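**Student:** Work out the full structure: start from the sequences and follow the hints.
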Amino acid sequence: MAYIVSAIFIGLSGASFTTYLAQSSYSDTSIRGFLETGQLLILLFSALLTMRLISEERKLGTWELLLTAPVREYEIVLGKFFSSLLVLSGMLILTLYFPILLMIFGDPDTGPILTSYLGLLLLGSASLAIGIFASSLTPNQIVAAVVAGGILFGLWFLGMVGNLIPQPVGEILSYFSLSQHFPGFVRGVVDTRDVVYYLSVTAVFLFLSVRSIETERWR
Amino acid sequence: MADATDEQPDRGGEVIKVASLSKSYGERLAVDNISFTIGKGEIVGFLGPNGAGKTTTMRAITGYLIPTEGEIWVADCNIRKDPLKARQHIGYLPETIPLYTEMTTRAYLGFAGKLRGLDSKVAQRRIDEVVEVCQLEEYLDVLTGKLSKGFRQRVGLAQAIIHDPEVLILDEPTVGIDPLQVVQTKAMIKELGRKRTILLSTHILPEVSLICERVIIINQGKIVAEDNIDNLSKILNTRKQLRLRVNGPSDQVRESLSKIEMLLDVSYHEPHHLLEFERDQEPQAEVNQVLAKEGWTLLSMEEVEMSLEEIFVKLTKAAEVEA
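Read top to bottom, the protein sequences are chains A and B. Residue numbering for the first sequence follows this note's numbering, beginning at 327 and increasing consecutively. Residue numbering for the second sequence follows this note's numbering, beginning at 215 and increasing consecutively.
Calculated from the structure, these hints are not laboratory results. Computed from a predicted model, the values in this text were never measured in an experiment. Just so it is clear, CB atoms sit at the ideal spot from N, CA and C, and this is done for glycine as well. One or more of the hints may lead you astray.
Unchecked claim - Stretches of chain A that chain B covers, calculated by requiring three or more beta carbons in the stretch to come under 8 angstroms of a beta carbon on chain B: (1) 376 to 388; (2) 391 to 399.
Unchecked claim - 25 angstroms max Cα-Cα, derived DMTMM-like pairs, lysine to aspartate or glutamate: (3) B:Lys328 to A:Glu540; (4) B:Lys409 to B:Glu309; (5) A:Lys385 to B:Glu316; (6) B:Lys360 to B:Glu309; (7) B:Lys295 to A:Glu401; (8) A:Lys385 to B:Glu309; (9) B:Lys299 to A:Glu540; (10) B:Lys328 to B:Asp355; (11) B:Lys299 to A:Glu542; (12) B:Lys436 to A:Glu542; (13) B:Lys328 to A:Glu399; (14) B:Lys328 to A:Glu382; (15) B:Lys335 to B:Glu316; (16) B:Lys409 to B:Glu228; (17) B:Lys335 to A:Glu401.
**Tutor:** Here it is, written out as structure tokens:
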């Protein structure tokens with residue numbers, strides 16, 4: 327499952343990376359092409375990677391094994407989170423050949439490339455947390471994927487809605503949007519607010535996942 | 215129970231103590247104020263029809279569900295206040311065998327061991343031991359998803375004992391496997407019960423009498439009877455039941471049969487006549503004679519065991535009469 331997801335992710339990323347370079351007549355030695363689709367691919371593939379993490383355990387009955395083992399709910403959730411983050415990091419590492427190619431054939435600005443990767447990782451961790459939360463809600467992994475997709479793309483497009491609505495409501499909506507905190511990283515700016523935002527989203531949804539599992543015991 | 219105390223109860227060899235346990239799912243009360251204790255080394259059968267509350271009770275003991283009311287202690291640990299320590303003492307085989315179908319038996323047991331906090335060296339040793347107990351040597355490197363139902367059950371059992379727990383909770387351990395494997399599984403459970411306390415659930419009566427020393431019968435969330443096997447069968451088997459199929463007009467057949475002296479009761483349930491006698495009577499010959507005299511043919515005659523449903527009716531009635 328993870329292998330297929332990774333392979334397709336790299337294929338699609340590579341395609342967008344190349345297309346962008348070709349369109350700019352190779353004058354812009356940056357990974358912008360990859361980043362543009364990359365952000366959305368991260369959302370999509372996070373939902374796919376996490377959809378079965380808890381749902382499938384429920385379906386197989388192994389959930390009962392985990393919940394009756396001497397481990398705490400948060401340990402289960404963190405275990406799932408970090409292992410999925412590891413897979414996602416692996417996927418990102420495999421895309422490092424884009425900047426490496428640029429370095430061989432051109433002279434890219436390494437600063438923004440590094441911050442972009444940090445941004446992708448942070449966006450990824452937030453997306454994975456949302457995916458795990460969705461997976462904790464249902465034994466059906468398709469439903470989990472749809473719920474995760476709904477939350478992710480909802481939070482993503484919240485920024486666009488925010489831009490249409492007058493201040494200050496619009497600004498508040500924009501603050502909660504996953505998309506509004508990404509451009510800084512692309513420009514090479516690491517703003518604490520952006521980092522805090524992604525880490526908070528991660529923490530909140532992991533917390534909600536733990537609660538969702540805990541309440542299940544009471545039902 | 216309001217006065218469920220924080221203090222550990224005086225157990226006197228009790229390993230599992232369930233006090234006033236109730237569990238409701240929304241409006242539906244699945245388990246209704248039940249209490250029982252299980253002593254060290256006992257093998258206890260938890261008997262009841264489907265939906266009686268067996269699984270819910272077991273899930274409460276293992277900590278999978280939190281009781282709506284009541285307290286549970288396992289090996290001196292309160293399952294609510296000290297859940298991790300309590301769970302460490304329990305090996306659990308749920309009704310749905312919890313297998314990761316993409317893992318080999320070896321990998322799966324290794325994971326189960328780690329989950330129970332065994333370090334890898336100990337886990338290795340334990341895998342060798344449980345594989346021997348559950349006779350899984352040849353299937354160590356097979357994906358658990360490719361195993362037959364009987365072997366999956368064994369892997370599930372192996373998983374439950376990987377950390378050498380004091381208490382084993384087995385939910386329907388013999389359901390859906392072929393008769394030969396049922397025999398093997400029973401032997402395995404008996405062997406495991408030599409140094410462990412076991413609570414196993416089933417809805418098959420003869421199964422309990424072969425493995426268990428004591429039975430708790432539960433119906434509609436309540437305990438209807440709790441006793442050792444011998445006493446229970448004394449209560450239950452006071453009568454012998456014969457089921458006949460006769461080629462003749464049912465009313466007349468019943469009338470003729472009712473003249474048999476030792477007969478206690480006769481009834482007709484199409485297409486069978488059901489006759490009841492005292493346990494120690496041997497009425498078959500006389501039944502034959504009566505039918506032969508009238509010129510009817512006896513198509514079949516068999517002694518029937520009381521079904522679980524009948525037992526419940528009987529026990530519930532008995533309980534009402536006592537009250």
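**Student:** Enumerate the violated hints, using their earlier numbering and listing them in ascending order.
**Tutor:** none
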